[in-house]
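> Dock chain to chain to rebuild the complex, using the hints, since each chain is given by itself in its own frame.
Here the protein sequences come in this chain order: Z and Y. Heads up: the first sequence begins at 1 in this note's numbering, then just goes up one per residue. Heads up: the second sequence begins at 1001 in this note's numbering, then just goes up one per residue.
Any given hint could turn out to be false.
What the hints assert, rightly or not - Some but not every residue of chain Z turned toward chain Y, in silico, with C-beta under 8 Å: (1) Thr12; (2) Arg23; (3) Glu78; (4) Asn214; (5) Glu247; (6) Ser249.
Stated by the list, open to error - Which stretches of chain Z does chain Y cover? Using the computed rule of at least three CB atoms under 8 Å from a CB of chain Y, they are: (7) 13-20; (8) 148-161.
Hints are computed from structural coordinates only; laboratory data are not their basis. Glycine included, each C-beta is placed from N, C-alpha and C at the ideal position.
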Amino acid sequence: MGADSFILPVLTLWRRELIRFWREKARVLGFVGSPLIFWLVIGAGFGDLAFFFPGALTLTVMFSAVFSTMSLIEDRREGFLLSVLVSPAPRSAMVIGKVLGSSTLAWVQGLIFLIFLPLAGLRPGVSQLLILAGALFLVSFTFTALGFLIAWQMESSQGFHAIMNLVLFPLWMVSGALFPVARASSWMQWVMLANPMTYALAVLRRLMVAGALNDGTPGFTTSLLVTGLCALVLLAASTAVATRRREGSTA
Amino acid sequence: MTVTVEQVSYSYDDRRALEDVSFQVAEGQIFGLLGPNGGGKSTLFRILSTVMNPSSGRVVIDGHDTRREPAAVRRAIGVVFQSQSLDRKLTVAENLRAQGHFYGLSGSLLAARMGEAMERLNLTDRRGDLVQSLSGGYQRRVEIAKAILHRPRVLLMDEPSTGLDPAARRELAHYVQELRERHGVTVLLTTHILDEADRCDRLVLLHQGRCVAEGSPSELKTRVGGDVVIFRSHDPEALRTAIAGRFHISPKILDGNLRIEIANGYRFVTEVVEALPGSVESAAVHRPTLEDVFLDETGATIGG
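Isolated chain Y (complex conformation) (with noise of 0.2 Å):
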């Protein structure tokens, strides 16, 4: 296993950020921690990245524990922020410099590597641009290129997508992608963004400093019975009542809305529609998502 996260806890003074959390990375995954905002995520990810060292329980990258050998960990691992991590004053490729420099390269060596890293993320002809004139996705192209220029054997990113429009975060998996098939990089990620989640081999799902579930998008998903039905009413406790009382099921009402997990639910719908005409104002079905996963679990949802 690439990574191996133990029973770690964390707390801060006043409060518990992280309980029991225990998984497993395999080499060349691309994993991802997924929860909303304050679910333990940044917590995990500080003491993923050496910045902490959790209160019990351990963790092993690439065979080095994160307590005891900080220094062999941080030689492995190549590590996106969520918050800005470059020098805004400084050109694209200062700031590639001085990281390079960070991991003792240097010379011809360093060159090499920065032209790659550029390249890979198409920003050659951005090198001299001082990155307080960039974009926000191209700064965060600059932050990718930044942490692969030693050649990390695990890429930790904080929140990814997060802040970037629709065709930079398409553009961002793609060189996810690009890293696991090309070099094996194995690619462990947080996010409360279900697109992002949904293109990860496996997800953990972190909700309150827990673990509430494990597996591939698809497993997941499969937990959720059928389909999710959502109706739409002027009275949806009486909606509730009905269709209780009728079909022998217990509907949720959530954001004021009706919401049912069935198999065939189009079936469903037609039969609540026709046998209570006049009480559903609207009616949908979909797939179940990762959001409807995590509402099962946790009776919360992301709210990515």
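Excised from the complex, chain Z in its bound form (with noise of 0.2 Å):
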């Protein structure tokens, strides 16, 4: 048992979902198609186009990364994860292997979301793009283990239909994603800055707005740090959940 026993299942999963989804490719339309068309339509309704975008861009990430995690719930109880949760591969390494493999699908869709910059007026550097397509990468990376989080205990996609609906689309409407912090009422500003969506929207725009922002979206350094503690956390509350056996009931 050398490192190889770690790395190799790593590599394996997230390998597999890039080939899974390169062999499907109408997956990838989907999940850009319909944030795009929302983002054009309030967006040029509100007639601020730049401000939506970063708002746009994490909804078409956080669809693709939460959505991903669906198949777990079919994977883990007859299908191919099966076969990993009777092998001697570490539960770690499965699910980082499944969330970089997710995560990467999510992080690609949202890097061609970023082609329509220039039609919201918004031109960052070259370097600021790098870093923007890095801080993208962890922000889809921590919904993916989120939607992990969520998926493996779930027993139907219904529910986790009804979560996707019930929780993570109400958390990105109060992550600054549709009015900015400042402009919110002060008890909901608690809200915002409590939720944990808040910082990874921060991120984005902070890092795709030139000048300095006034309207109370949370600060860059401070934002990234949420964003990575966010990532471990729910990685090492996906590894826990995946550890545990089912034990039988002693009644």
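And the structure:
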């Protein structure tokens, strides 16, 4: 048991997600398409395409990341992951491999969305774009880890959709995607600052907009740290739930 | 003993699935768990394959306790699930390579093992095919190739024959025999198919979560007294009363037919037909099958 027994499962699961995606190209369009339309309609309606851009980008990445973990619900009970579960591969390797794979896909879709930056009148420099690409990967990774944690504990995809609609979408709405923190009432400002998604969005917004932001958006370093911390916590929690084996009831 | 199952019970929140099941599997045996669906086989399989822990009791495989040393057990077992554990969007070779990686195999060693497994299961010319393009029989072969890639000491198979046509079943039986003979692999399988159970060295009969009988197929069959005679009649109740009165035995009625276990069944048929002319529509005699054993032990059928 060397380092290979950890790295090999990670790489092979990562690669598997990419191969599967490549063989089902129709999936790409769906995830970029709907947030794009959403952004154009809302942005054009309020006449502020630039403001709504980071929110639409976050939505793209969130949809893609969270939904690509939905396959876990079946995969672990009667599919490919069953054979990982009965193999000696560490559970942490299984979690990291799956999360890396799905987050790479979400990331690529986020990158595709960046093509529309000039349409919003946003023109970050090359170095800023590179940092943006890096930050986008972190955000994708965090959302995927969240998706993993939810999906692993779900019995059906209906429950998964319910969580998406009742928890994730509302969190996105109060993340600064639709209105900036400074414009919200004071209790809403507390809600927004307590919402981890606010920081993921802030990382992206701060990298896209050139000058200073005076709309209550959290600072870049703070936002990056909060998002990174969330990623680690979610990854650890996902590993913990995936390591648990079903115990027979003793009643 | 390669596998020891000791007083294993398992309860789901609302029902008891296994009750005090114990048995042992010796090295190199092909050992079957026979029973109807819902009899507890799947639950036991999930415990043996380290997916679940028992409520009480323990399972030791190749010297390791499944609860306390799952990693060591996992290195010793190869698992063929009833549901598909292949990625349909990947090719045969891609599935096998991924499996090798989960066991820390890579490079030329993995390539050699893949070549060997594919050759043994006659998959070499399908290595580049997507799994979804293969027939059910081929897919099951890939599952087995996958399970033996790391050369496990114990192969666990959940309902391996289910969903296969007779030719594919024979092929499967052949591969399993070969694995045992050439590599001394111990095989533990669950089944509700009589042919498959007949090919096992030893069987445990599971019914409603309990182990109701254990032995080799022929041992189990000798428990049934002599032959099994089945009479069909338009009035089975009347025939039963008549036979009971005349021959001092009590036939059972099963699915509207009379069922009698008796030595020298052919002679008995003649006697009945002569003694009670016109009351028998048809008669059949057979040597006891595992279905008869199961029926005797539980009063229920396996229903394969």
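> Now look at each hint and say whether the structure bears it out.
Hints, one by one, checked against the model:
1. Thr12: holds, 4 Å
2. Arg23: The hint holds - arginine 23 of chain Z has a Cβ within 8 Å of chain Y, the shortest such distance being about 5 Å.
3. Glu78: holds, 4 Å
4. Asn214: With Cβ-Cβ at 49 Å, over 8 Å, it is violated.
5. Glu247: Glutamate 247 of chain Z check passes; min Cβ-Cβ to chain Y is 5 Å, inside 8 Å.
6. Ser249: Interface hint status for serine 249 of chain Z: holds (5 Å vs cutoff 8 Å).
7. 13-20: holds (count 4)
8. 148-161: With 0 residues in contact (Cβ-Cβ under 8 Å with chain Y), the coverage given for the region 148-161 of chain Z is violated.
Against the hints set out earlier in the document, violations occur for numbers 4, 8.
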